[in-house]
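Note that the protein sequences, when read in sequence, are chains A and B. Anchor point for the first sequence: position 175 equals 175 in full-length UniProt numbering, and the numbering is continuous, going up by one each time. Anchor point for the second sequence: position 215 equals 215 in full-length UniProt numbering, and the numbering is continuous, going up by one each time.
It is possible that part of the hints are untrue.
The list treats identical chains as interchangeable, and a pair is accepted whether it falls inside one copy or across any two copies.
List of simulated lysine to aspartate or glutamate pairs, EDC-like, C-alpha gap at most 20 Å [stated by the list, open to error]:
#  : residue 1 : residue 2
1  : Lys90     : Asp149
2  : Lys224    : Asp48
3  : Lys159    : Asp149
4  : Lys178    : Asp69
5  : Lys90     : Asp114
6  : Lys64     : Glu182
7  : Lys214    : Glu47
8  : Lys237    : Asp206
9  : Lys159    : Glu148
10 : Lys156    : Asp129
11 : Lys64     : Glu261
12 : Lys151    : Glu174
13 : Lys234    : Asp48
14 : Lys90     : Glu115
15 : Lys193    : Asp114
16 : Lys185    : Asp70
17 : Lys64     : Glu222
18 : Lys214    : Glu225
19 : Lys156    : Glu133
20 : Lys185    : Glu235
21 : Lys224    : Asp50
22 : Lys214    : Asp50
23 : Lys159    : Glu236
24 : Lys224    : Asp69
Hints listed in this document are in silico derivations from the structure and should not be mistaken for laboratory results.
2 protein chains.
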Amino acid sequence: MAEQPAKKQRTHPPYELLYHPGIPGRGEFIRLAFEVAGVPYTDVANEDKDGGYSTVQGICMNSKPSSSDDNPPVFSPPALRIPGAGRGGKALVIAQTPNVLSYLGERLGLVPEDEGKYYVQQLALTALDLNNEVHDTHHPVGVSLYYEDQKEESLKKAKDVRENRIPKFFSYFERQLKWNQEDGKGKYLVGGKITYADTTVWQVLDGISFAFPKEVEARRGEFKELFEFYEGLKEEKGLREYLASERRLPYSMGIFRHYPELDRQ
Amino acid sequence: MAEQPAKKQRTHPPYELLYHPGIPGRGEFIRLAFEVAGVPYTDVANEDKDGGYSTVQGICMNSKPSSSDDNPPVFSPPALRIPGAGRGGKALVIAQTPNVLSYLGERLGLVPEDEGKYYVQQLALTALDLNNEVHDTHHPVGVSLYYEDQKEESLKKAKDVRENRIPKFFSYFERQLKWNQEDGKGKYLVGGKITYADTTVWQVLDGISFAFPKEVEARRGEFKELFEFYEGLKEEKGLREYLASERRLPYSMGIFRHYPELDRQ
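Sequences are here, hints too, so could you generate the full structure?
So this is what it looks like as structure tokens:
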């Protein structure tokens, strides 16, 4: 865990992130929220190498009518467990990445205090839609099939995502930066300080840069302000330390994969 | 518009749904929330046949740094416009289906007053994920291509979604009904009265029944409690009247499409 100021340690519950070990994945959006807020959390499967993943599986991947502690079932990780925050003083367990971010946003100070919190969630949901579309470039026709068994379809899907979808999303993010220019100065998407919209859009840009390096290199000039935002956020307090730490896991065979044949040729 | 009790008309702002005309689409999840809550709304593109869709396009499909009224840009419809609810007394415009449902949930009485509101959002997000996967059965490799140009890929994708994904989601929804048995009596997914989780899951079940009638017929016995919930909700106040009205639009060439070759053979 990152060292945290003692004050913050006392005012937050012991948050537990429940996710697969060894990959950034969708868990990364939640990690980034904690890291930029400077609030401690336990990454259960990565920190407890012995029994951590069994705990995650028991809560998030069971076939019972409850995840744990009388909470409803979870469709799939990531989930967040917060001892003491649920009904009757039990643990609260909630799932779905944008839902967890919405819960944490208000509690970690990562949203404006007014209606702006809906602008933040709107951006995060849209970035997560792009995240899903990029995932589908290597799994267009079968979630449970190997990439090698859907390679022809992947070539078509990746072409459509790179040529049509990525510029549409990038243009939208850039218009958002322009909308927020007065408050955000090109550094933030909503308001004058960091929100989980910034970290979520950043992570998707980072993953796409890993998956499609040639495509991104070719488009940097076209989306100059977006990539200035991307580079600038790496210097943000909390994020800089995190990216240099061992907690930041490398991309491998998760959502963002680098298959050279799917990139711009 | 449905007739509404005068009391409710006075206590709600004049909600405006901004969406494409003529199809249920993602706008339907928002329509259903208003209809079961008995709260008036204007379906801009469908009610104003002359200029309504121009208004939607001008707000949700422009290329400017703002949607309207100083709100940030919208990636795509649906969006919700609420005159007077934004900063400085202007209109608030928010987009992304689950974000709009989250906003409305608390204001229309469609979520529990405690942490249960996160259970509702978790379910709605998961149902909307299934909605997207079913959309992709007819557009697996190119959002901007015709179905006819990706028919071979669609056959593979539809097979995977019908055989692997639909039973996984249906099993999850059914476990949720079991979790809530004491409060919901099999009628509701969270708590003892209707929430937007119920309407959202219902709409996805309804759309899948249209798209894949043979698949659903074959699985009714396997997911008996889920289809009892589905049939039962049609009798819910607000929903029954709506389904019998002209406001309920037929499925056609939107998210849910009936291509017999993609159904179980």
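Margin query: For a quick check of understanding: which of the numbered hints are violated here, in increasing order?
Written below: 1, 2, 7, 11, 12, 13, 21, 22, 23, 24
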